[in-house]
Structures are given as structure tokens and as C-alpha cells.
Amino acid sequence: MKKRKNTPEIDKRNWDEYVKNPRDIFDKDLESNKSYSKSKIYKFDLHGYSLLDANKKVKEIILSCSEKKYTEILLITGKGIHSNTENNTYVSISLSKLRYSIPEYISSENDLSMRITSIKSAEKEHGGSGALFIKLKKM
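This note's numbering applies: residue 1 is where the sequence shown begins, and numbers increase by one.
It should be emphasised that the hints constitute simulated quantities derived from the structure, not laboratory data.
There is no bait here: all hints are sound.
Okay, the calculated beta carbon distance ranges per label pair:
| no. | residue 1 | residue 2 | range |
| --- | --- | --- | --- |
| 1 | Lys124 | Glu17 | 34 to 42 Å |
| 2 | His47 | Asp111 | 24 to 32 Å |
| 3 | Lys137 | Asp11 | 56 to 64 Å |
Pairs of lysine-lysine, DSBU-like flavour, derived with a Cα cap of 30 Å:
| no. | residue 1 | residue 2 |
| --- | --- | --- |
| 4 | Lys68 | Lys124 |
| 5 | Lys43 | Lys135 |
| 6 | Lys43 | Lys56 |
| 7 | Lys69 | Lys137 |
| 8 | Lys138 | Lys124 |
Note that the coordinates shown come from a computational prediction; the quantities given were computed from them, not determined experimentally.
All residues carry an ideal CB built from backbone N, CA and C; glycine is no exception.
Hey, can you work out the whole structure from these sequences and the hints?
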């Protein structure tokens, strides 16, 4: 891009005014989290985690969020379409996916299940079947 040597004064004023108050630029993260602002929701993406690592992280998240008075947790699990469990005959395809194993893990851990009100698939705008909403009890 070639830089102009003599920028007209009106262009300079327009630019200064625009920089002070940019109307058509927005923060995508703030915009996408507007629906979360009404309650305290913790969001975490578990893509790339193994089952064992994901379970450890979920336990850590639930205990921490319960302590910090969050009301909900949104866990992004993905839909498992890139999982390579089909190649291992000793692994159950449906049970190896995080979206199935996480609720099972939580219900098997008393210190976690006592903190949970419900676990359900997220609404479509929050990830649908590739995400879980966990509602926490008020402690």
C-alpha cells in the first residue's frame, strides 16, 4: 500500500473521530457472551483431552466453580467425529466420547455428584450435542 504524503485535513479529522468512537467494530467475545452475563457461567473447551485427562480436568473445574459460586458450567466436548476410537477394537465407540463419559464420571464420583443439579446437552447456540451444560447446586 502506498502511503499518501499529504493527507487531507478532513480525512485526519474523520480518522481521529472514528478512533475515539468506533461504531462498527465490536468485541466478538463480549458479543458472544451476552447471554452468559445474567448468571455466572464457566466455559471450558475439552477438545484434545483424553478421557483420563478430561475427567481430571472436569473434577478440578467442578470443585473450583462450586467454590467460586458459579451457577453453571459449559463444557465443550465436541461431537467425537474426529475421534480415532474406531481403530481400536477394545474401545467402545459411544462410551469413549467425552459427551457420554463425562456425565457417567460425574455420577460415579460422590464429591462431584453432590454439587450437581443437572447435566444436559447445551442449546444449539452454545454447542448443541457437542457441549454439556452442568448446573451447580448453591452451596
